[in-house]
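Chains as they are written, first to last, in my numbering: chain A, 4 to 329; chain B, 61 to 208; chain C, 595 to 1255.
It should be emphasised that the hints constitute simulated quantities derived from the structure, not laboratory data. Just to be clear, a hint being listed does not mean it is correct.
[To be verified] Quick list of the computed label-pair ranges, beta carbon to beta carbon:
1. 193(A) with 193(B): 43 to 53 Å
2. 49(A) with 1204(C): 25 to 35 Å
3. 146(A) with 1215(C): 50 to 60 Å
4. 1162(C) with 69(A): 30 to 40 Å
We put the beta carbon where it would ideally sit given N, CA and C, even for glycine.
Chain by chain, the residues:
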Amino acid sequence: MQERLIERAKELLSDGTVVRVLGWKQGDLGYNPEPAYFNSPEELKDFVYDGFCGANLSKYMIAAGKMEGNTLVFLKPCDTYSFNQLIKEHRVNREKTYIIGVGCKGTLDIDKIKNAGIKGIESISQDGDTLKIQTIYGEKEFPFNDALLERCTVCKGKTHQVYDELIGAEEGEEAGPAGNRFEMVEKLEAMTPEERFAFWQNELSKCIRCNACRNVCPACSCLKCVFDSNKFDSAQKANVDTFEEQMFHVIRAFHVAGRCTDCGECSRVCPQGIPLHLLNRKFIKDINEFYGPYQAGEDTDSRAPLTDYTFEDVEPGIVTERGGKH
Amino acid sequence: MQVEKTQEFRPKIVAFCCNWCSYAGADLAGSSRLAYPADVKIIRVPCSCRVNPMFILRAFQRGADGVILCGCHPGDCHYTTGNYYARRRMTLLFSMLDYLGVENGRTRVEWVSAAEGVKFSTTMNEFVAKIHSLGENVRLGDLRCKKD
Amino acid sequence: MQRIGVFVCHCGTNIAATVDVARVVEAAAKEPGVVHAEDYQYMCSEAGQLKIREAIKEKNLTGIVVCSCSPRMHENTFRQAAERAGINPYMVEIANIREHCSWIHKDIEEATEKAVILARAAIAKVTLNAPLQSGTSRVVKRALVIGGGIAGIQTALDIADAGYEVDIVEKTPSIGGRMSQLDKTFPTLDCSACILTPKMVEAAAHDKITIYTYSEVEKVSGFVGDFQVDIRKKARSVDMSKCTGCGVCQEKCPSKKTPNEFNRGLNTRSAIYTPFAQAIPNVPVIDRENCIKFKTGKCGVCSKVCQAGAIDYEQKDEIVTQNYGAIVVATGFDTIKLDKFDEYSYSTSPDVITSLELERIMNAAGPTKGHLERMSDHKPPKSMVFIQCVGSRCADKRGKSYCSKICCMYTAKHAMLIRDKYPDVEVTVFYIDVRTPGKNFDEFYRRAVEEYGVNYIKGQVGKVAEKGGKLLVQGVDLIDNKRILMETDMVVLATAIEPNPDVRKIATMLTASIDTNNFLTESHAKLRPVESPTAGIFLSGVCQGPKDIPETVAQAGAAAVKVVGLLAKDHLVTNPCTAKSDELLCNGCSSCEKVCPYGAISYEEKEVNDHGIRETRRVAVVNSALCQGCGACTVACPSGAMDLQGFSNRQILAEVDAICR
Chain A
4 MQERLIERAK ELLSDGTVVR VLGWKQGDLG YNPEPAYFNS PEELKDFVYD GFCGANLSKY
64 MIAAGKMEGN TLVFLKPCDT YSFNQLIKEH RVNREKTYII GVGCKGTLDI DKIKNAGIKG
124 IESISQDGDT LKIQTIYGEK EFPFNDALLE RCTVCKGKTH QVYDELIGAE EGEEAGPAGN
184 RFEMVEKLEA MTPEERFAFW QNELSKCIRC NACRNVCPAC SCLKCVFDSN KFDSAQKANV
244 DTFEEQMFHV IRAFHVAGRC TDCGECSRVC PQGIPLHLLN RKFIKDINEF YGPYQAGEDT
304 DSRAPLTDYT FEDVEPGIVT ERGGKH
Chain B
61 MQVEKTQEFR PKIVAFCCNW CSYAGADLAG SSRLAYPADV KIIRVPCSCR VNPMFILRAF
121 QRGADGVILC GCHPGDCHYT TGNYYARRRM TLLFSMLDYL GVENGRTRVE WVSAAEGVKF
181 STTMNEFVAK IHSLGENVRL GDLRCKKD
Chain C
595 MQRIGVFVCH CGTNIAATVD VARVVEAAAK EPGVVHAEDY QYMCSEAGQL KIREAIKEKN
655 LTGIVVCSCS PRMHENTFRQ AAERAGINPY MVEIANIREH CSWIHKDIEE ATEKAVILAR
715 AAIAKVTLNA PLQSGTSRVV KRALVIGGGI AGIQTALDIA DAGYEVDIVE KTPSIGGRMS
775 QLDKTFPTLD CSACILTPKM VEAAAHDKIT IYTYSEVEKV SGFVGDFQVD IRKKARSVDM
835 SKCTGCGVCQ EKCPSKKTPN EFNRGLNTRS AIYTPFAQAI PNVPVIDREN CIKFKTGKCG
895 VCSKVCQAGA IDYEQKDEIV TQNYGAIVVA TGFDTIKLDK FDEYSYSTSP DVITSLELER
955 IMNAAGPTKG HLERMSDHKP PKSMVFIQCV GSRCADKRGK SYCSKICCMY TAKHAMLIRD
1015 KYPDVEVTVF YIDVRTPGKN FDEFYRRAVE EYGVNYIKGQ VGKVAEKGGK LLVQGVDLID
1075 NKRILMETDM VVLATAIEPN PDVRKIATML TASIDTNNFL TESHAKLRPV ESPTAGIFLS
1135 GVCQGPKDIP ETVAQAGAAA VKVVGLLAKD HLVTNPCTAK SDELLCNGCS SCEKVCPYGA
1195 ISYEEKEVND HGIRETRRVA VVNSALCQGC GACTVACPSG AMDLQGFSNR QILAEVDAIC
1255 R
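Model the full assembly from the supplied sequences, consistent with the hints where possible.
Next up, the structure:
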């Protein structure tokens, strides 16, 4: 698969369709490829596509769209939702983008492997349903499905929402278990307010305000975040006891409500392992329940839930009526 | 500022009122001498849709014990559709606060027309009573990135 | 750095009795930025305003806070005072310490503390105010009147006489409204048609008035001075330009079973019809639901008999789009439905009728040609009972809490007319109170009792039942404290009136506020009774509240004067509190555009210089002439690029902070 992608990228670079390729490049470890531009066929020797290419490249296309010439981008099925949403918000330039939809069997969480006690990892390869892990202590095996990122265990589908051509899209079709993505949200909803508060206080206390979630999030695409401008008196970097510190995650989640495609990048990149996607999913679940099923990024012209209404919409009092539980 | 524990709990309550209906309804409550507790302080906004969830979170973060938003009845918005957007925004925000473990009685939306002085007063009396029963708001202030 | 002045009003004792104004002054003076604070008995008075002006000049103030009554009352007064002293009128904030404080709190300590906080919030806000400049918008010199009853006709005539174009939109096939259904009018007993029809003719003939009958307002956009309105002219199926009004089509029409709305369903009409003989325009319409041609495709009699060739079965609804500077709502009323008042047997006995039905029975052009008779057997009644307050002043949800105002008088009129014309008919009136405030009203009622021998009984009727061709009325006499059981031939119910049910839809289109009884709300109950709180919308007639004909005509004139006052202006000063986008923060995402109810936001590809980065960006641009300042866009904007002048994010947050401090 990786070879097919490289081959096709070389063709498109050579025939002038695109002047650069946005893909993933081998990292310094065996399991940490990173997003990268490739400007010539030669540079593509470092191109990699494997289970650790979780990074959603859509957001990079905002910057790429402003560069000279067309860009080839590889998008996994779930990444295409983000790209579509960015088209809807006029943030990316579709005309200057050549999209190859790539097949995906699910992306992997290295921590799940490490947490299983596998140390000293040198490289990881896939063999059917099993991961073959070369470590300094010898080869280990690990079931592929057990190493999936949480988001991939509740994959929203293997269909690309936008593309110019597909490569290997058939590969992922049968792969990946599809669980209930709202399971944890429901569990939290079923708790008492005290338990929920304790849960979130514990999680959010871990935040070091590194802004990784904000930087990776395709919906958090503001040129300047409200927390970095003086529009709301909200940028107060010096103190720990500030509005920014205390409300950052709630406000971020609200700002992406109805726009978040549930790509799960926020949780994937959080160095503290905070399940930030559970905030976004709560909004998604509420939107689905209150205003009808809605999947951001499924199309480019519908009205987002928060810029839409019906006369019969539920009243905010519903929150009190349900008492936080169902 | 540390409030003495012996003092009676005086909640801080912020009421956002749209200029055309609810603020006028509050004026009518006033001219009709329909009392409600002084704990309620009204902020005038042109429309309920002007109220950014950030204002509500800010109020809580700065020590408010309850926040209520009043606007024109659905269908009667001075700007036609403002309250519809406000309704969706507040529904989702309140649901999120509830999800974070904040008592859901601390937030409320009520549609009060310019003719509903009685409703304004009744609503405020009810809301203040509710906040009294919930006591001081500590959770939102504590919902921070650093645990003590 | 702002230099703020704070002015605390006593409002006589309205504020000062409950709020310690001296303490408010003292506390305000300590707030950052405040360089002047004083109190005065009446800040709104000329002397009070002078104090403000002097302080602005002497202390070089850049902004002021007035702690007084509601800004809805005197914000403009103080803005003008500020402007006269040379500072921008939008550098004024009001702390409402009367309606929101002194009038609702009793404890001086509590009220003072709250007044201090409200002042603090206003000071915090004004510190962030910026001078704002109003723009101007055009005034379309044309008015729209919705409803062609006496209210609408009078308003239109008065506006037209002042020299402005007026369009009347009337839902039914003719103008005239409820008044055209009445027989005589109190307290002088003039014939209703005799005084109404000349006005109808005058309106129709007026060169400044255009009448759209059988038409409805479909869509309204825009704002004061420049509303754009779509009017749906429903297909009449008769060519107005060809029809001569001869009436042959109505005579020959084979479908004659449709209940006659004009006669309140007491008889039937043809499918092609004019509601009444003096209808304006005197052009019939085909009621397509009941027309054989439209139902089966066969028939076409009217077309065959029409000498003028005016029948047009193919006619379609037409949308007329027109711009107006002002809109008058004159949608009138109807009587309430009586389905929740089974005790009066209205739905089961044809001899129990409403007062409006009685008007039609008494009218020479009505279903009985003016002969008083029972609808069941067409025999003249020997006795009649009138029941007052049916659905009015009603304690429960079945009826209306308000007094319908006109019933006492028209019932006296009916009783008098019946006793005059048919002296052998006994007339009894059951009432809760007889309310006769009005010129010559009580005299009129006394005549009914004293000269015409109408039997008035104070008390309510509990039940009316049909028995052997008669009606059995069970009631109480509260004065003699006894139960009454009487037989009668006819019962007339003084049915409560309610605003025309269509008014809710119209109010929504106009964004005019409406109360729980569906009456349109006036801008001020006493001082601005004919204006809606929505600028450019005026109220005429019963749509605003129950009233009789003279009051309606007076209010219609008042509304017309307000309209003329508006149309006489060449331009209007616009509200400068509009949205404004910071192009350096704008992502161009279009969220704001989607929630704007006025289409005031558009996008431009614009060259920006973002701290040295020059690039072309898609950015939102607000048309301040269209923006009405609701602020929906400001919340839809995730980056905070969109802000509302006069109610900016930072201003509101400053108020929040000041209150929660």
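Regarding residue 1162(C) and residue 69(A), is the given constraint of 30 to 40 Å on their beta-carbon distance met? Once the Cβ atoms are compared, 54 Å apart, the range 30 to 40 Å for residue 69(A) and residue 1162(C) is violated.
Using the beta carbons of residue 146(A) and residue 1215(C), state whether their distance is inside 50 to 60 Å or not. Given range 50 to 60 Å: holds, Cβ gap about 56 Å.
Residue 193(B) and residue 193(A) - C-beta distance against the hinted 43 to 53 Å: Distance hint for residue 193(A), residue 193(B) is violated at roughly 24 Å.
Could you say whether the range 25 to 35 Å given as a hint is met by the Cβ separation of residue 49(A) and residue 1204(C)? holds, 33 Å
Violation of the numbered hints given earlier is confined to hints 1, 4; the remaining hints are satisfied by the structure.
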